[in-house]
Amino acid sequence: MQEVKKIATGSPWEDIVGYSRAIKIGNIIEVSGTTAPGANEYEQTVAIIEAVKKVLSQLDADLSNVIRTRIYCTDIAKWEDIGKAHGEYFGDIKPVTAMVEVSKLIDPNILVEIEFSALLN
1 MQEVKKIATG SPWEDIVGYS RAIKIGNIIE VSGTTAPGAN EYEQTVAIIE
51 AVKKVLSQLD ADLSNVIRTR IYCTDIAKWE DIGKAHGEYF GDIKPVTAMV
101 EVSKLIDPNI LVEIEFSALL N
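Each residue of the sequence shown is one higher than the last, beginning at 1 in UniProt numbering.
Careful, some of the hints might be misleading.
Per label pair, the in silico range of CB-to-CB distance [claimed, not checked]:
hint : residue 1 : residue 2 : range
1    : L119      : G87       : 17 to 23 Å
2    : Y19       : E101      : 21 to 27 Å
3    : T9        : S103      : 25 to 31 Å
4    : A77       : D107      : 26 to 32 Å
5    : K53       : V100      : 29 to 35 Å
6    : I93       : P37       : 40 to 46 Å
7    : K5        : A39       : 31 to 37 Å
In short, the hints are calculated from the structure, not lab data. Idealized CB from N, CA, C, for every residue including glycine.
All chains should be modelled from the sequences, with the hints used to inform the complete structure.
Written as structure tokens, this is what we have:
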């Protein structure tokens, strides 16, 4: 049986909802939908990716291991701001991605939420 490693970040949502921030099974890493504070979509996207970099490092991975991102936003008209931040980190890595508008996220101050999938070599 493959070893399963779960990462928690201490967010109150993890215990309330009952989930792990990230799970590593073998060479596969899945990171839950992640949000972060920020004044706008660009700042939130940067903060999310920076937070996930820390989570990945705990699993012996980094952004170069990311093969998929799934971006949820509350205003698709802001796609360029979100895309600019995403591109600053993933411009050379180029994981597959999707960006979709949702009516709202768990907190009205949250404008962006991103899930990540990574694969270790």
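Comparing the hints with the structure gives:
{"no.": "1", "hint": "L119 - G87: 17 to 23 Å", "result": "holds, 21 Å"}
{"no.": "2", "hint": "Y19 - E101: 21 to 27 Å", "result": "holds, 23 Å"}
{"no.": "3", "hint": "T9 - S103: 25 to 31 Å", "result": "holds, 26 Å"}
{"no.": "4", "hint": "A77 - D107: 26 to 32 Å", "result": "violated, 20 Å"}
{"no.": "5", "hint": "K53 - V100: 29 to 35 Å", "result": "violated, 23 Å"}
{"no.": "6", "hint": "I93 - P37: 40 to 46 Å", "result": "violated, 25 Å"}
{"no.": "7", "hint": "K5 - A39: 31 to 37 Å", "result": "holds, 34 Å"}
Hints 4, 5 and 6 from the earlier list are contradicted by this structure; the remaining hints agree with it.
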